[in-house]
Structures are given as C-alpha cells and as structure tokens.
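Student: Here is what each chain is made of, one letter per residue.
There are 2 protein chains.
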Amino acid sequence: MVRGLSVRKAMVGWVLAVMAITARADEGMWLLNQPPTEQWKQKYGFIPADGWLEHVQKSCVKFGRGGSASIVSPDGLVMTNHHVGFGQLRKLSTPDRNLLEAGFYAPTHAEELKCHDLALQVLWSIEDVTSRVTEAASKGMDAAAAHAARRKVISRIETECEKSTGLKGEVVTFYHGARYHLYRYKRYTDIRLVMAPEGGIAHFGGDTDNFEYPRFCLDVSFFRIYENDKPLAAEHYLRWSTSGTSDGDLTFIVGHPARTERLFTVDHLKFLHEVKFPTILRRLWRREVQLLGFAARSAEQARMANSELPRVQNSRKAYTGIIAGMHDPRLMRTKEAAERHLREAVEANPQYKADWSDAWDRVAAAQKTHREIYERASALEGRRSVIRSDLFDIARDLVRLTDELPKPNGNRLQEYQDAALDSLYLSLYSPAPIYDALEIDRLESGLAYLIETFGADDPLVRRAVGGQGPRRRAETIVRGTKLKSIEVRRALAESGAAAVRESSDPMIRFAAAIDTESRAMRKRLEDEVESVEREAYARIAAAQFAINGANTYPDATFSLRIAFGPIVGYREGDVAIPPFTKLSGVYERMALRGAAPPFDLPLRWIEKKDGLDLNTPFNFVSTADIIGGNSGSPVINRMGEVVGIVFDGNLQGLIWDIAYTDQQARAVSVDARAIIEALRKVYDATPLADELVGRQ
Amino acid sequence: MVRGLSVRKAMVGWVLAVMAITARADEGMWLLNQPPTEQWKQKYGFIPADGWLEHVQKSCVKFGRGGSASIVSPDGLVMTNHHVGFGQLRKLSTPDRNLLEAGFYAPTHAEELKCHDLALQVLWSIEDVTSRVTEAASKGMDAAAAHAARRKVISRIETECEKSTGLKGEVVTFYHGARYHLYRYKRYTDIRLVMAPEGGIAHFGGDTDNFEYPRFCLDVSFFRIYENDKPLAAEHYLRWSTSGTSDGDLTFIVGHPARTERLFTVDHLKFLHEVKFPTILRRLWRREVQLLGFAARSAEQARMANSELPRVQNSRKAYTGIIAGMHDPRLMRTKEAAERHLREAVEANPQYKADWSDAWDRVAAAQKTHREIYERASALEGRRSVIRSDLFDIARDLVRLTDELPKPNGNRLQEYQDAALDSLYLSLYSPAPIYDALEIDRLESGLAYLIETFGADDPLVRRAVGGQGPRRRAETIVRGTKLKSIEVRRALAESGAAAVRESSDPMIRFAAAIDTESRAMRKRLEDEVESVEREAYARIAAAQFAINGANTYPDATFSLRIAFGPIVGYREGDVAIPPFTKLSGVYERMALRGAAPPFDLPLRWIEKKDGLDLNTPFNFVSTADIIGGNSGSPVINRMGEVVGIVFDGNLQGLIWDIAYTDQQARAVSVDARAIIEALRKVYDATPLADELVGRQ
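Protein sequences, first through last, are from chains A and B. When you read off a place in the first sequence, starting at 1, and then add 1, the result is the number in our numbering. When you read off a place in the second sequence, starting at 1, and then add 1, the result is the number in our numbering.
Worth flagging that the hints you see were computed from the coordinates, not collected in a lab. Since the structure is predicted, the reported quantities are computational estimates derived from the model, not experimental observations. Incorrect hints may have been included.
Copies of the same chain look alike in the list, so a pair counts if it fits in one copy or across any two.
Once the Cα atoms are required to be at most 20 Å apart in a straight line, the calculated EDC-like pairs of lysine to aspartate or glutamate come out as [unchecked claim]:
id, residue 1, residue 2
1, Lys277, Glu55
2, Lys153, Asp614
3, Lys277, Asp691
4, Lys408, Glu39
5, Lys271, Asp458
6, Lys169, Glu608
7, Lys271, Asp459
8, Lys92, Asp691
9, Lys483, Asp143
10, Lys610, Glu337
11, Lys277, Asp458
12, Lys277, Glu376
13, Lys140, Asp208
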C-alpha cells in the first residue's frame, strides 16, 4: 500500500527536476570524460585526484549484454549482482546442482566454473568521432537514408578500430545523435564463476520486497576473468574500503545505465503512457500468471520457470512503478510546461526556429505511426516480443544470419554486423540447457497471444499456427526440431542461406514462416519511427544545449557513466526511513513473515547466525542517479574504494526513467561490510574475503 | 503440461457433437418439464417413476445469485459447495474467526450462524407464458422497442405472480426467446450456516488442481433454511444414498447451469474468441498479479485478498481452458460446417427463407458493433467491469435506485424493477465487512485500467480520476465516504434522487460522475447488440426446431436443469484416468508435493488420518452435461438419492460452454460417502451425518 502513495508524494520534487535536463541536486548520469567537476567541488568539496577517473573507468566492467560489474582484485576477480549473474548461474546449473538455490563457492581457482557464453568488456579509451559520423549523412537525405549512411560509417569505424588496436570498437550515440564517441573495449570471454550466495539471501523477500526499502539482500556474485587460461593480472582494480561509510557520506556509482527518456517530448511520453507501457504490462501480467501456473505443476517445472519468472516479475514491478508515476496528471503538466518553455525560446530566435522548430512535430508524427504499429511490431520483434523460446531465437538467428552474412557489413541488420558476430556466435553455440517443457509452454503462449491479439484469420497468425492449436503446434515444433544439437546449429550456419531455406527442421520452418512480416515490421519501425525520432531528438538536444548551456549529461545509452550522491534516508508519510539496514534486520523480517517464502532464509544463514556480527550494515540508500543496467555497479567513496554494490532502486525511483527527483527516490546497495562478514562467517570463504580486502 | 494436450485431444469428439444442438450421447441440460425420456429409456432403460421429477425439482435450491444446492433433510438442511458458500463464509468471518481457513461446525441449531444477505429459492411451479410475452411486441416494432415491450409484460407477469400466489415469479427465457416460462419460487431469506470444512481440504490443490482430475476436494458446505425462526419442515428433500455408486452407474445432476453458448453463430464465436475472451483474460491476468502483490504484503492483506483472489483465479483458469479449446482451428471449421448446413436448409424452403434467412447476418452486424464498443462498455458495466469495489457498488446502486424508482416498473433498469428489489436491498444494506485497504486497491486498479485503456485525456477518464493519480484518488474517495454506515445508505436511498444528487459523499460523487456515460454504453449494448441478438437467435432457434426436430434442450439460462450420464473415466494420451479417487489419494498427493501450499492439509486431517477408512471414494467423474452455475448441484441416482455433489469440470470440459463432447470432458463431484466419512471421523459431526443418512 505504501507504493502508490509514495510515488505520488515523490511528484512534488518534479517541478524543479524536469524543467530541463541541466543538472541540479545530485542529478545526472555523467560521462567519465565529461564529469560534473564544478558541482562536485561546490556542493561536496570533492576534486578528483589526477588519474582518479581513468582508474575507475578501467576498473569497471560491462557484464554480458545488460549488466554492470567491477574488477575488485589484482587477480581479475569481478563483482556483480547475483541477479546480473543469474543467467550464468542458471546455465551452469544441472538437475542435480541448482546453483540458484544452493549457491556456489570455489575455494581454489581449479574449482571455478567456466561460463558458456559470457563476455566482459572494460572501457579502455574514448575518441570523439562525431564529425566523421555526422558528415556521412548529406543534407538532402531523408531520415532513413541518413541513418543508413551513419550506420555504415559507424560500422566502418568499429571494424577499423578492431583491426588497428585489437580493441573492440563501439560507436556510442550521445545526446540523441548530437555526439558520437568511439568506445574501445578490452574484451574477455574466459570468465569463471567464483562465488554466489543462495538465491534465498540474494533476493530475500523476492518479488514482494523488490523495489522496496528497507531491504535485506546479499545481491552479489563473484566471477573471475581469465586470459590464456590464467587469472587476469589486472592493471586496474578497485580497492576495498576497510573504513566503511556513514550517513551523509558522498558516494559514486559507476556503471552502465541502460536507457533513460528524460528528453522525451510530451507526445512521446503520452505514447509511452497510453500505448507502450500498458501493452508491455499486459504481456507481463499474462506471462507471470502463465509461469506461476507452469511452476506450480512440479518442483522440476518450478526450477525451469525460475529461468524466466524473476525477470518477468522484476519487469512487471518496474513498469507498475513507472506507470503509477505517470498516472499522476501532474507529471505530464510539468513536462508540458517545460516543453512549452523550451519551444518558446526556440521560436524567439530566427536561427533556432529555422533549425529546430519543427522537431517536436516530427516526434509527434512518429508517435502517431508508432501507435498504429506498436502492438504488431513489438509482438514480433525486440525485447518484448511474444514469441520467446531459446530454440526459436536460435532458429531465427540461423535464418537471418545466413541471409545477412553475404551482404556488405554496413547493410546488414545490426546484430549480424561484424562487430556483433562474436557475441552472436557465443549465444548461438551456447551449450546452455534447454528445457522442452518450458520451450513448449513459451511457444504455446506466444502463438496464443498472436491469435488473441490479431485474430485467428490474420494471415500471419495462420502461418504461425499452421492449422493447429497453439499447444499442439508448439509440441510438434519443439519435439521435432534438431536445434538442441550445437553441431546441427553449426552445420546450418556454415552451409548458408540455401541450406537453411531447404531445411525441413520445424523450428527453422516456423521462424522462416513469420520472418518476412517480422522484418517488414522492424523496417517500418526503424524507418518511420526510430529514424525520425533520432533526427528530431538530435535537434531538440541541440536546442537544449543552445538554450540551457552545455553543462548537461546525455540520456543513458548503456555506456559507462558516473553518478553521485550522499547516503541519506527519506520519509514516507510520518515514517522516517533510515539509510542503513543491519544484518539483524533480515532475521527480524523473516520472523515477522513467519519464514514463509520468499522470507525463508537459507539453512546456512540460520545455522551461522550466532557467529555473525548482527550490527553489520547490510543495505543502504543514496541519491545517486541510476537506472536499470546499473545493477552490479560498484559504489565507491572519494578514494575510489568499494563501499558497496548497487542492486536496485526503490519504487519512488522508478520514475527516474523520465525525471530525476531526490525527494524520496533512492538507489539501493549492498554494503561492502556485509559482503565481507557473510563471506567469512556464513560461507567460510576466507580466501575470497582476503582477496577482496587485500590480505593474500 | 497435461492441460493443452488434453484439450487438443478432446477436439476429436466435436465433429459429432456440434453439428446441431439436438441431443446425442449424454448431451443436454434439460428442462424438468421437458426431460429426454426417450433417450433415458433407450440408452439406460430408465423410466422415472411418477412424481420423481417433481420431487427432485422441489428438493433443489437456487443458492444466492449464482449457485446450486439441494435440501437434504426433513429439517431444511441445505447442501452446496464450499466455493458456493464462500461469500457467506467470508462475510461471517472476523479478524479473530476466519471461517474460510478454520472451517465451522454448529453441533446444535442454536450455534448456527445467520447469514447477512443470502436468499435461497425453490422452484415450485412452471407456467408457459410464451404467447403473452411474444404478443406484447407487435410486428412493426424495432428490436429495442420489441424488447422493451416484452420486458414490460414480463415485469407485469412477475408482479402479478407475487401478488396472486405469494411465490416469487421469474419469467425465464428459453431457446433465445422462442419460449418464455413463468417460474414460481418459494423464497427463503433466513439461512444459517451449519458446517463448512477448512478451505485447505475444500479446495485442496488450490488453483493448481482447479479444473484438473484426479482430484481430492471436500468442496461441500451445509446451511439450514429457517422459517419463522424454526428449521424449515421440508415437504421435499433428497434422501442420502447408503449403497453408493460404482463405475458405469447412471447419475443425474440437477442444478442451475448459468449460461451456454451452443447456438451461437460463427461470427458470434469469433467475437468471443477474438475480442471478449481475450479482453476478459487480460483483465483477469492483471488483477490476479495485482492481488498476489497485495496479498504478499501482510497476513491481514492476504485475508482481505482472499475475498477476491480465488474468484479471479477460477475465472482465469476457466477462460484459459475455453480459449485454448477455441484456439484450435478445427472447432471453428466444425461450427462453420454446421452453420452452412443449417443455412442451406433454410435457403431451400421459401417460407423458412422468408422468416429466418437474414438472422445470421443480423447477428454478424451486432458483432461488428459489439467489437467497437466492447472494451468500453464492459469496462464500465456488467460482471467484468473494472471499477469493482463494494463501496462503489453501493454508491452506484444508490445513484441509480433513486433515479429509477420514480419510473414505471417496466421502464426501469432490470435490477431496479420490483421483482429484483428484495435482493437489491439485501445487498445494499448488508453489514458484511468492507476492507479499506482492499477497496483502495480495487479502486486504484480500476482507475489505472481506465487510463491505460482509454488514455489520460479521455473525458470520461478525466472525470473519473479528477485531476489526481489513481492511488490518491482512491484513497481520497474510500477514506472520505460515509457509505460504510448502513444508516447512511438507508437515509440516502430513502431521501431520493435530489438528495443523492446533492450529496457531497465522494463515492456518490464519483459514481455519479461516470454514470451518464456508463448508462449510455449499457443502452447501446442493450439496443444495438443484445436486442438484435435476441431477436435473431429466436429465429435461428426456430429454424433449428423446424429443421432438426423439437427434441432439443435450450441453452442454459441459470434455470433448473437436469443432466445425466454414467460415472466413467477417460484417457489422456496413454494414461487411463479411473473415475474414482480415494481418501488415501489426498495424503499421497500431499506427500508428493512436499505439503507445500496449496497441498498442505488442515491439521485435523493429519491428526485424524489413522481413524479414516482411506479406501472411501472421495471424488468421481461423470459425463453429465454441466457448466458454471451447476456448482453445488446434487448428483443423484435412479432412485433420486444423493450420491454426490458436483463441484467442477475438468479442463477438457471447459469447452462445454460452446460444444458438448464426452471424449474426455467430465463433470467432477465429491462422493457422498466421503462426506459422511469426513463428518463422522474428521469433524466429530455425528449429529449432522445422522441427519443426512436419516438416523436421528
């Protein structure tokens, strides 16, 4: 019940926060080569020492496809969240060894478990390539052609980078296309699991406590980077703070916020509020109920469902929080006022007017198209697509890869361009287990969704269900496909488009049957929505620069950022929420909830309780500006030492996607002291604790 | 995983089943004054004795607004399902006495608990009033006017009935308006709770096992009818079978199936498949996830949520089953063939053609309109409306009641016509507890739904949210309303429309703010869809009669019906499912599922296990044709003795809504022997068991 109430109260902070993207308070996900030094100095008297930023940058890690992490020992030890390492823990589990439930610890290097398909990247250097990218598109081009031209040069820059430096190149877009930076990464693919606690303590309180505070979670896991079959001798790593932190201390969070939408126009926000978020929520509600039913049928199915359910519940709660924030009419009114203000300033200057005046209307037109195609395009393509199964993903990749590879690199779909192929092959040939029952359930669910949404007579739906009911169709395909064999995948990938076209594998045939329309929808989306938005937002961002000054940070783009803010509590109604919780709190909460799941502590935590210092700080909150993707980011102090690891935001922080406020919104972290206490006294992992604090 | 597979396999039976509504196999929900005597005689050699049907009819009970029951002792003892009595058990619960969890037994009459707002009805006599009703509408009238004219005369017939006989009159529509029967009911409002087992055994296996078989549920509860503060001296009641039943025995199920849709045209079925059912499911998925979150916050909230969650989960599973059946393209193809067949027969006869030929197109036109208005109309009105809160229902009833009462009876909305007022006042002045936290959650959910679905700028949505976020709006209204006081409700109801219009009560104001559009949508639905369908289906039904003979049963309309069929198992793939389960099975299933909820037996069942005859038959399946609303119906043998009580259908039976098949579809009942065994040996309820078997 606290949720909606608090979201509402958080609104008060908006009026100040969303007037412009220029930074106030502790707002901002700053580029490491463009830090808010003036603000740090004035508000906190903090002046980073020479090399402080570079050292931090080179100690931070981009974890897989969507998480953050950091190197925390000279031997390449990497710390991230349990929920970031989750996919790997699942893939390394077997029916006899459920790492998600039981946890894992390798006391020696030899016992560390090699991950099947994980790549970590460390940002090594940055180059501004804005002029090269923007000059690729000439004035007369339409948005789609300009985008294609830019994509082409970007792909060339990335390939050159790899050839000339051996580093993986990625051109990152900032300020919605106003700036392009070439990020050069050191890339590691031999990654081994060192330690993970039980899911029961990592996610104590489960979906109920997710996005809540106070919290009691040991949401951490450790991996190790190997090079040439030896632990990485790390040039840079973050040292562990031995002094800890207190209420009011300034902290920094360095990681990879995935995406914010703070520049979005009112029309765009209305699209999110009225079309996109409700559609996503509908899919999540549906899938959550289906998965709960699937899981309830047996312990084995519950284990399978666990590979999908937490992600679904996490997303559902996140979207619930943000949509609850948007439901308050005052948010949109505030955004409307800010937009009016900016547009008036543009109109008042003839040059500004000529360059930027129509950008908002262009976004509005794109939203109109997006409203029309969103349901169909998003059902077939992208992160929220409804046909989700590991085998389908493999089949689609095979169909597309063999189709795309013969094309010039710059003309391919982005995920099949040279720069992306390593990651693609890693996942395509991953030996991670695939569960038939869950695959059938997922595919049935997706097919039924298509019927429910587009009707049984829709031509695409007819092709998809092939004259059968979704259940029977899913069974036929999943039981008939040979794609569980990595050799079969490899043979198909290597034999090319003709072989794939002629393959009688039912999953390949299924993927091919819906691919034409699926690609067509994606093309419409890219050409008529995303390209238009990109072009328009680049101009709106340029207007922001011109009118509000250059002291701004770009919207998040899953690139490395530094955020800052003190450890500080907040109030909910009459209740003061202190910034720190203690280890004792987890036992109290378990007792209060009768130890019923998800409030049942792992046995080890019950047995070892007496040996623990229950006053050890466990979790804490700060005002640093984070968002999804930041999970696993180290929390560091002024000396650059690890004082914690961020793993969540509170419910009031969900609106940070759109607007920053520090009224009640907070980042939630695990305290470094709790990690050491648990390693030493619960997990008997003294060598690991010693490695962290530097006593080796 | 068994679910979808079995639904698919059940399809094979359809081809025969859905060609026409004429009865085959054990199909049919027959009127008690029009039983399938020829079929009974030929297939089962069963010829009911004189008075058999009248005795059964007068022993059966319509329970509240949506369930079935029977009188099972000379002292007015009534048996129904636990899940039918659920609402009453909830209302009789207090924070200190949770009847749903702990169960209840009153060893003496004095200890029986009086229900707040329950009415039971026994069908006493039937009169065919078809000509009076149909003559009310003259040829020239359009569908809406004809409907209004018929409603008017129906209301007059019902009022007359009450005046002349003292019995409650209800004109029941059969064959979609081809026949109207006046049902005269004895009505009882002093009903007391006698016995209910714990929810844990009544719904053992919870939502996981719901609609599944084999099953192990004691889904039964007992009430008693009082007249003049004394137990009813029942003229008719069903005797308890002491001999029990075996595999293959013919049984009858007599109760109130609520609604079937077996005559529906293909266009209409497509509307259900593509619009109505997916919309309902979307609302149910959403609400289920919301309620699970609400319940997870505390034990107290879990108890509150229990008043809504089981209903939501039950509906969700039912719609999941039926939509899964409809997803198989073969169902629609079979229906298409049957429709073509019938239409060709109509076209072939000039008189038929003149009378009935356009009926299918009229239904199609109504579906077109319904597709356009369904989302909005159903969000605001009817069983699936999204603004669901006890306080809102009260407020809306007050707004409408005071508005409608001054009108002539026949012109009022149906629920405010004289014949409905007793029930209305019973619920309007019910002292049943209302939980603020749940009311706020429900109202917030409904308001958010309106925004998500119609957009924040929609005029109705603006009126509904009143410039606030849904959460704050819901809090303001629920905390501010005085409608928890029965006196306040009564004062408003009695002071009339002007007083209600001027009331500043926030819930009244809220209900009034959305009422104009809500009523307008309802009117469109009634005039442009329901009236058109009614008129067209009456003609399609007439065509059915003419072409397929009069030996048909009408679609269910929550009126008393008799269904029949033997106790017989079925196969799922290679597995033979025997018809009976035993008491031992519940202990085995608990052990298999590690006694985790919902597979945790109540303590009493653990403690008393050793004293039980574990070979006692517990649940059984039969082919009798039932549907929702039949819950609580007695299962009787050829002698009219109780051998069980039906409480569910299996998943494959969900499609019975649209088409009967006996391939795998089954009705699921509690065996009478298990009831006696449990009463005597688990609940120490010897007096109640004795009352049932007749040893008093």
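Student: Hints first: check each against the structure and report whether it holds.
Tutor: Now for the hints, and whether the structure bears them out:
{"no.": "1", "hint": "Lys277 x Glu55", "result": "neither (39 Å within a copy, 59 Å between copies)"}
{"no.": "2", "hint": "Lys153 x Asp614", "result": "neither (58 Å within a copy, 78 Å between copies)"}
{"no.": "3", "hint": "Lys277 x Asp691", "result": "neither (48 Å within a copy, 62 Å between copies)"}
{"no.": "4", "hint": "Lys408 x Glu39", "result": "neither (48 Å within a copy, 74 Å between copies)"}
{"no.": "5", "hint": "Lys271 x Asp458", "result": "between (31 Å within a copy, 10 Å between copies)"}
{"no.": "6", "hint": "Lys169 x Glu608", "result": "neither (47 Å within a copy, 67 Å between copies)"}
{"no.": "7", "hint": "Lys271 x Asp459", "result": "between (29 Å within a copy, 12 Å between copies)"}
{"no.": "8", "hint": "Lys92 x Asp691", "result": "neither (28 Å within a copy, 60 Å between copies)"}
{"no.": "9", "hint": "Lys483 x Asp143", "result": "neither (44 Å within a copy, 62 Å between copies)"}
{"no.": "10", "hint": "Lys610 x Glu337", "result": "neither (54 Å within a copy, 68 Å between copies)"}
{"no.": "11", "hint": "Lys277 x Asp458", "result": "between (25 Å within a copy, 16 Å between copies)"}
{"no.": "12", "hint": "Lys277 x Glu376", "result": "both (8 Å within a copy, 18 Å between copies)"}
{"no.": "13", "hint": "Lys140 x Asp208", "result": "neither (51 Å within a copy, 62 Å between copies)"}
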